[in-house]
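Since the structure of chain A is already known, use the hints to place chain B on it.
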Amino acid sequence: MEIFDLTIHELHEKLKAKEVSSVEATRAMLDRIEAVDGQVNAYITVTPEQALVEAEAADKRIAAGDIAPLTGIPVGLKDIFITKGIRTTCGSRILENFVPPYDGTAVAKLKEQGAVIVGKLNQDEFAMGSSNESSYFGPVKNPWNLECTPGGSSGGSAAAIAARTATATLGTDTGGSIRQPASHCSCVGLKPTYGRVSRYGVIAYASSLDQVGPLTRDVTDAALLLGAVAGHDPKDSTSVNTPVPDYVAGLATGVKGLKIGLPKQYFIEGLDPDVKRAMDEAIALYKSLGAEMREVSLPHTEYAVATYYLIATAEASSNLARYDGVRFGHRAEDARGLKEMFAKTRAEGFGSEVKRRIMLGTYALSSGYYDAYYVKAQKVRTLIMQDFLNAFNEVDVLLTPIAPTPPFKIGEKLADPLQMYLSDIFTIPVNLAGTCGISIPAGFSAAGLPIGLQLIGKPFGEATILSTAYAFEKETQWHLKKAPL
Amino acid sequence: MKITRSEVEHVARLARLELSDSELDTFTGQMDGILAYVEKLNALDTEGIVPTSHAVPMENAFRPDQPADSIGVEAALANAPQRAESFFRVPKVIE
Numbered sequence: 001m002e003i004f005d006l007t008i009h010e011l012h013e014k015l016k017a018k019e020v021s022s023v024e025a026t027r028a029m030l031d032r033i034e035a036v037d038g039q040v041n042a043y044i045t046v047t048p049e050q051a052l053v054e055a056e057a058a059d060k061r062i063a064a065g066d067i068a069p070l071t072g073i074p075v076g077l078k079d080i081f082i083t084k085g086i087r088t089t090c091g092s093r094i095l096e097n098f099v100p101p102y103d104g105t106a107v108a109k110l111k112e113q114g115a116v117i118v119g120k121l122n123q124d125e126f127a128m129g130s131s132n133e134s135s136y137f138g139p140v141k142n143p144w145n146l147e148c149t150p151g152g153s154s155g156g157s158a159a160a161i162a163a164r165t166a167t168a169t170l171g172t173d174t175g176g177s178i179r180q181p182a183s184h185c186s187c188v189g190l191k192p193t194y195g196r197v198s199r200y201g202v203i204a205y206a207s208s209l210d211q212v213g214p215l216t217r218d219v220t221d222a223a224l225l226l227g228a229v230a231g232h233d234p235k236d237s238t239s240v241n242t243p244v245p246d247y248v249a250g251l252a253t254g255v256k257g258l259k260i261g262l263p264k265q266y267f268i269e270g271l272d273p274d275v276k277r278a279m280d281e282a283i284a285l286y287k288s289l290g291a292e293m294r295e296v297s298l299p300h301t302e303y304a305v306a307t308y309y310l311i312a313t314a315e316a317s318s319n320l321a322r323y324d325g326v327r328f329g330h331r332a333e334d335a336r337g338l339k340e341m342f343a344k345t346r347a348e349g350f351g352s353e354v355k356r357r358i359m360l361g362t363y364a365l366s367s368g369y370y371d372a373y374y375v376k377a378q379k380v381r382t383l384i385m386q387d388f389l390n391a392f393n394e395v396d397v398l399l400t401p402i403a404p405t406p407p408f409k410i411g412e413k414l415a416d417p418l419q420m421y422l423s424d425i426f427t428i429p430v431n432l433a434g435t436c437g438i439s440i441p442a443g444f445s446a447a448g449l450p451i452g453l454q455l456i457g458k459p460f461g462e463a464t465i466l467s468t469a470y471a472f473e474k475e476t477q478w479h480l481k482k483a484p485l
Numbered sequence: 001m002k003i004t005r006s007e008v009e010h011v012a013r014l015a016r017l018e019l020s021d022s023e024l025d026t027f028t029g030q031m032d033g034i035l036a037y038v039e040k041l042n043a044l045d046t047e048g049i050v051p052t053s054h055a056v057p058m059e060n061a062f063r064p065d066q067p068a069d070s071i072g073v074e075a076a077l078a079n080a081p082q083r084a085e086s087f088f089r090v091p092k093v094i095e
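So the protein lines, in turn, are chains A and B.
With full-length UniProt numbering, you'll find the first sequence wraps up at 485, consecutive numbering, no jumps.
With full-length UniProt numbering, you'll find the second sequence wraps up at 95, consecutive numbering, no jumps.
Don't read these hints as lab results, they were simulated from the structure.
Note that the coordinates shown come from a computational prediction; the quantities given were computed from them, not determined experimentally.
All C-beta atoms, glycine included, are put in the ideal place defined by N, C-alpha and C.
Errors might be hidden in some of the hints.
[What the hints assert, rightly or not] Quick look at which bits of chain B chain A covers, simulated, 3 or more residues with Cβ under 8 angstroms: (1) 25-37; (2) 48-56; (3) 61-73; (4) 77-89.
Okay, chain A solo, but in the shape it has when bound (with noise of 0.2 angstroms):
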């Protein structure tokens, strides 16, 4: 086995044996970001330097018997996370050439542990896009099938865990960009309960919405990394003040007498046969385990990509205002006069599925309409909030599919976008209710493509849902399987 093929785990107890260092450790990763990314384009910017200097430091600390699960461990971050010194666009045009002069607290606790950032990672734009083909800086190829996108907005987390060119990998999750493309690409991605996770020095999207979360090989590591970034943070309002539990120590609990709940409208008609059959087989495996299994009904489902494309983009259309060409970013040249210079350095800085939303958050937010469409938007999102606490009131865990197909081709949607946020379907209400949920691999597709599964959990039920998806890991390979790459 290959450095960069093995997990934050693995590689940690190498680390402290001694028997590679993180420089080792570091070199491999960016040997194989040199020798594939060229044809995944998961990586937006690469930082080559910086990393061997981090991976010294850490290889001084562990030498010095200093060793935290992340030291010298290589990890990729979303190029939404604020890095001191190191470009950080959002997948944006507008943002080509920001250099943050401050890190975000997950990166500052990353760091704090003495982890190795190799690079920043391909995304859609501003996270909008649920393909990755609204960056920038050009579409992720899934390293699965190069034809086919990674999913998004955190495609190129998820497609460098597949492409073995990050140990771990962080992403964001708005309506479901870390779980939909780790479903894409065979591997464990976590979206955290709302306020987990510091949203301090991530560039913001739907503010109600975003949350910070870990991609990675398996679900050990999952539970590792959103042990390293959890926690209250004085400087996000929004972070909530709990204890973060040892989510690894609980990892093993095991699911005999759980109650999982199956949600009747997430299993309907038009479900693809390849999916359906690996929730048909994910769901004995659990009955064969010792969980019972319940029918439970959340209502308000059909409602709820509605809801959150009139949130998301209302929120979207007020946090994007800041990108006007005055203080950071691009500016347009030739303007006249102040407000020109807005609007065409925003014509010219954003790409059309930015402008899309920007437009659809604008009008719904517009004097006329704000209750028409805003307000009763966040009512039904009441309602859908309720569905999830009634669930939970019968069952302790949802077991869902994660996107109604497997990975699709690169272009097949980009013409119609409603199609392409009708395929959000199952990820978006969890967002809108706020509370956690974690996709793990679950099989393939007859053409060889991934299929992921989703645990949803209460609110701050992360450790629940991670050993809920433990017990599958550990009954099942889907996991141990490699891309073509």
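Below, chain B alone, put in the same frame as chain A:
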């Protein structure tokens, strides 16, 4: 038709986005389709339902009012497209 081309033009002005003629046509069609789709929310009776603006019910987040270091003038201006001394330079504001 939920939205007309002239309404899209108006929204673009509100959003400070200069759109080309072809963008205006494309967005008019696409926004019309999306707005027709979101109409489905009207099938739900939401009378008396409290709107949710946030997933976590929280009171104000207070912290001690203690002065701390800021990033400083040079770091704040480091990404400025144009600057003049300690200021961001912009085109003429008064028209």
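Coverage claim, chain A over the region 48-56 of chain B, checked by counting residues with Cβ within 8 angstroms (three needed): holds (count 8)
Per-stretch coverage check for the region 77-89 of chain B, three Cβ contacts closer than 8 angstroms to chain A: Holds, because 6 residues of the region 77-89 of chain B bring their Cβ atoms closer than 8 angstroms to Cβ atoms of chain A.
Proximity test - 8 angstroms, beta-carbon atoms, the region 61-73 of chain B to chain A, at least three hits: Holds: 3 residues of the region 61-73 of chain B have a Cβ under 8 angstroms from chain A.
Chain A covers the region 25-37 of chain B, three or more CB atoms within 8 angstroms, holds or violated: Since three or more residues must qualify, the claim that chain A covers the region 25-37 of chain B holds, with 8 doing so at under 8 angstroms.
Figure legend: structure checked against the earlier numbered hints; every hint is met.
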